[in-house]
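K.L.:
Here's the letter readout for the chains.
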Amino acid sequence: MANTKESAELQVFKTVLFHCLVIIALPVFSFFTSKIFIFDGLLGLNHVPSNVYSAGVAILVLHIALGAFIYRAYFDDQSKTQTKRD
Amino acid sequence: MTQTPESPIYAPFFGVMGAASAIIFSALGAAYGTAKSGTGIAAMSVMRPELIMKSIIPVVMAGIIAIYGLVVAVLIAGGLESNNYTLYKGFVHLGAGLAVGFSGLAAGFAIGIVGDAGVRGTAQQPRLFVGMILILIFAEVLGLYGLIVAIYLYTK
Numbered sequence: 000m001a002n003t004k005e006s007a008e009l010q011v012f013k014t015v016l017f018h019c020l021v022i023i024a025l026p027v028f029s030f031f032t033s034k035i036f037i038f039d040g041l042l043g044l045n046h047v048p049s050n051v052y053s054a055g056v057a058i059l060v061l062h063i064a065l066g067a068f069i070y071r072a073y074f075d076d077q078s079k080t081q082t083k084r085d
Numbered sequence: 079m080t081q082t083p084e085s086p087i088y089a090p091f092f093g094v095m096g097a098a099s100a101i102i103f104s105a106l107g108a109a110y111g112t113a114k115s116g117t118g119i120a121a122m123s124v125m126r127p128e129l130i131m132k133s134i135i136p137v138v139m140a141g142i143i144a145i146y147g148l149v150v151a152v153l154i155a156g157g158l159e160s161n162n163y164t165l166y167k168g169f170v171h172l173g174a175g176l177a178v179g180f181s182g183l184a185a186g187f188a189i190g191i192v193g194d195a196g197v198r199g200t201a202q203q204p205r206l207f208v209g210m211i212l213i214l215i216f217a218e219v220l221g222l223y224g225l226i227v228a229i230y231l232y233t234k
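Read top to bottom, the protein sequences are chains A and B. FYI, the numbering used here numbers position 38 of the first sequence as 37, with every residue one higher than the one before it. For any residue, its number in the numbering used here is found by taking its place in the second sequence, counting from 1, and adding 78.
Hint data in this document are derived by calculation from the structure and do not stem from the laboratory. Predicted model, so just to flag it, every value in this text is computed and none were measured. C-beta atoms are modelled at their ideal positions from N, C-alpha and C, and glycine is treated no differently. One should not assume that every hint holds.
[To be verified] What follows is a set of in silico ranges between Cβ atoms, one per label pair, in the way DEER data are often shown:
hint, chain 1, residue 1, chain 2, residue 2, range
1, A, G55, B, L158, 17 to 27 angstroms
2, B, P86, A, L9, 51 to 61 angstroms
3, A, P48, B, A121, 45 to 55 angstroms
4, A, G66, B, P204, 19 to 29 angstroms
5, B, E128, A, P48, 40 to 50 angstroms
Turn these sequences into a full structure, and let the hints guide you.
P.N.:
Now the structure itself:
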């Protein structure tokens, strides 16, 4: 019983850690990759538009990651409490 | 360094202050939001530890406010240059930094207060969770408006 509880807690910790890392790292990563490879390299834009577009990409990625976290938190916990009740 | 009436020696001061105020005030709001909702989570999860995953959301949203400030600060810092940096550009960058900074401060305060009360309430009544998320999203959007205005100013 204690083992399953501990492993469930570890699972929750892993999920939260994964999502936090994604939310913190992915926007920064996508900002620089989209700036260097897509907007500067592939499309050859100027200084200001490439910065602005890559900022937009970073914000978009950030909100997708946040939405994924909220979705996970809402639906994972609900199914867990339901199985507990059964 | 070429100096003209349009690009005086002190023009970059305003741009640098814009970049600094963007991240300073956003981080101030994010720190307040994290701390205030963190006390709520700590008080709530003593009795209901299974709700920690759900109640982390205000903390994450407060962190996102700081990312808005970081993005604008990086944009402004990339736009700074030692040559031909006009006073107009400096003022625009200062305005962009203040726009995202103070919007982030306001959004962080809102997220902190709502997150604290919402997390404590969710422990008593789980159906409050949806309402808390909606209120948090509307608080978050205040910071996003500041970011949009800042980016719009930056492209001027």
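K.L.:
A separate judgement is required for each hint: does it hold in the structure or not?
P.N.:
Checked hints:
no.: 1; hint: A/G55 to B/L158: 17 to 27 angstroms; in the structure: holds (21 angstroms)
no.: 2; hint: B/P86 to A/L9: 51 to 61 angstroms; in the structure: holds (60 angstroms)
no.: 3; hint: A/P48 to B/A121: 45 to 55 angstroms; in the structure: holds (48 angstroms)
no.: 4; hint: A/G66 to B/P204: 19 to 29 angstroms; in the structure: holds (21 angstroms)
no.: 5; hint: B/E128 to A/P48: 40 to 50 angstroms; in the structure: holds (48 angstroms)
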